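Using the sequences provided together with the hints, build the complete structure.
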Amino acid sequence: MFILSILPEAAIHIIFGLGILGTIAGFVLGFIPFVKTYKLAIQVISLLVLVLGVYLEGGLADYKEWELRVKEMEAKVAQAEAQSANKNIEIQEKIVEKTKVVREKGKDIIKYVDKEVIKKEEVIKYIENCPVPKEIIDLHNQATELNKAATK
Amino acid sequence: MNKFPLTVTSVTDQQYNLVEWMLGNTCNYDCSFCSDEFKSGDKKYLDINVYIDTCKRLIEQSGDKKVWFKLTGGEPTLYPKLIELLKFIKSTGNFTYIITNGSRTLRYWEELKEANCVDFIAVSMHPEQNADVNHIIDVINVFKDIDTVVTTNITCVPKYFDVAVESFYKIYNSCPTLINLQQINDEFGMSKYSENQIKLLLLHSNKVTPTYHNKPKSNIPPKYTYHSGQLQFTYSDGSTKKDHAINFIKRGEDNFNGYLCDAGKKFIRISHDTIQRAICGEGQKWSIYDEILFATTSVECTRNKCDCTLDMIQHKKHK
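The listed protein sequences derive, respectively, from chains A and B.
Counting in the working numbering, the first sequence runs from -5 upward without gaps.
Counting in the working numbering, the second sequence runs from 6 upward without gaps.
Since the hints were made in silico from the structure, they are not lab data.
Values in this document were obtained by computation on a predicted structure and should not be read as measured data.
Heads up, a few of these hints could be off.
[Unchecked claim] Simulated pairs of lysine-lysine, DSS-like, Cα-Cα distance not exceeding 25 Å:
1. 175(B) to 65(A)
2. 48(B) to 228(B)
3. 222(B) to 128(A)
4. 128(A) to 228(B)
5. 270(B) to 128(A)
6. 92(B) to 48(B)
7. 71(B) to 44(B)
8. 92(B) to 149(B)
9. 44(B) to 164(B)
10. 128(A) to 149(B)
[What the hints assert, rightly or not] Taking beta-carbon pairs under 10 Å as the criterion, some of the chain A residues facing chain B (in silico):
11. 3
12. 30
13. 31
14. 32
15. 51
16. 57
17. 63
18. 67
19. 70
20. 74
21. 77
22. 79
23. 131
24. 134
25. 135
26. 136
Even for Gly, the Cβ is constructed at its ideal location relative to N, Cα and C.
Now the structure itself:
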């Protein structure tokens, strides 16, 4: 919702609060002389403000829920990537038993594959449409190199 | 006078021909984003001898070049003779690629693996059709120790977005594949997704799953996967520019209306038994029953946009 990006959160709560207060005043406090004079106008305006307030509060709640989900998903990605890194570390530990040189090579390949994956995000459409996606086969081959490094 | 492109050429020479073939349009799914052309069932699968004979002629007419056969549907695995057809193509030393929803039984996929006749499988998982993620994981794992490249695209219809993301993580943690949350674009691009969903789509694109290190390297020689999408534009003032096709498209440098294009000479798309040039389908269509299957002449482009990278890499010349 566009308006949520320009309106501060406090303003939304104030609009909602004013709507409630105005509605109460318009419908309950009719005995006060000032309210009595402008009763109809107060009732109509307050109801409109209240409707707007409810709408904005709903939008805000939805927006916050999505923000939360994005954070959860980002956490999941971080967790998944950490798991991936752990797997790679396991492989590397095997390599250490044999030779440090091979371990370093394994690390380089992991970094290279990670870098390639990030680069590929830009060319999603190309990969979708490409019947012989060089990028995917290259990525496949780079990923399998991890295995070679582990078994050397 | 403004300079304009005189020629557009792929930087790497394409060492193979491409045949994208919709074998028939029978499908067991009814995806909301898929048009009737690909699922109505009115194009029945042909006799195996028709497919084999056409493949033979496509291979013959490709001369020294290898042929990539990308077989689609409908759901191609519903064609009872698919494995036989794939085995035939592989026996000729050419390459096979299928797009599938992965819904056939594990026994079927085991049989396909034993036949050793497919180089590339693109599994589309459709949460909208209640596809079972555990079954998809089992299918991918059938190929975990052989060199077949398996990619997984999870189609993200907004209504089933959460299921798609959950499936992504289940697959990510369970089997070796290159995995992607697949956006479903409409005529307005990605307009039906919220900003956050677009963020998630980008975050979950083409990931290598952690168990990938168990898969062997692909045996496809690099020269047959060689088109990199890199193009060279040669302009009327003699200058040249090299870049990826997708970048030319993004900048809107993809209007070749009036140019002579080689689409169809190296890349054809067959819809059941009708052949067209490349993805765009410019010019006349012809049939698999005709004598000549690849286009022998260039076609004059009548479009104002060449928005597919595969079409972009076909050689183009100013008239």
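Of all the hints numbered above, which does this structure not satisfy? Sort the numbers upward.
2, 7, 11, 12, 13, 14 and 15
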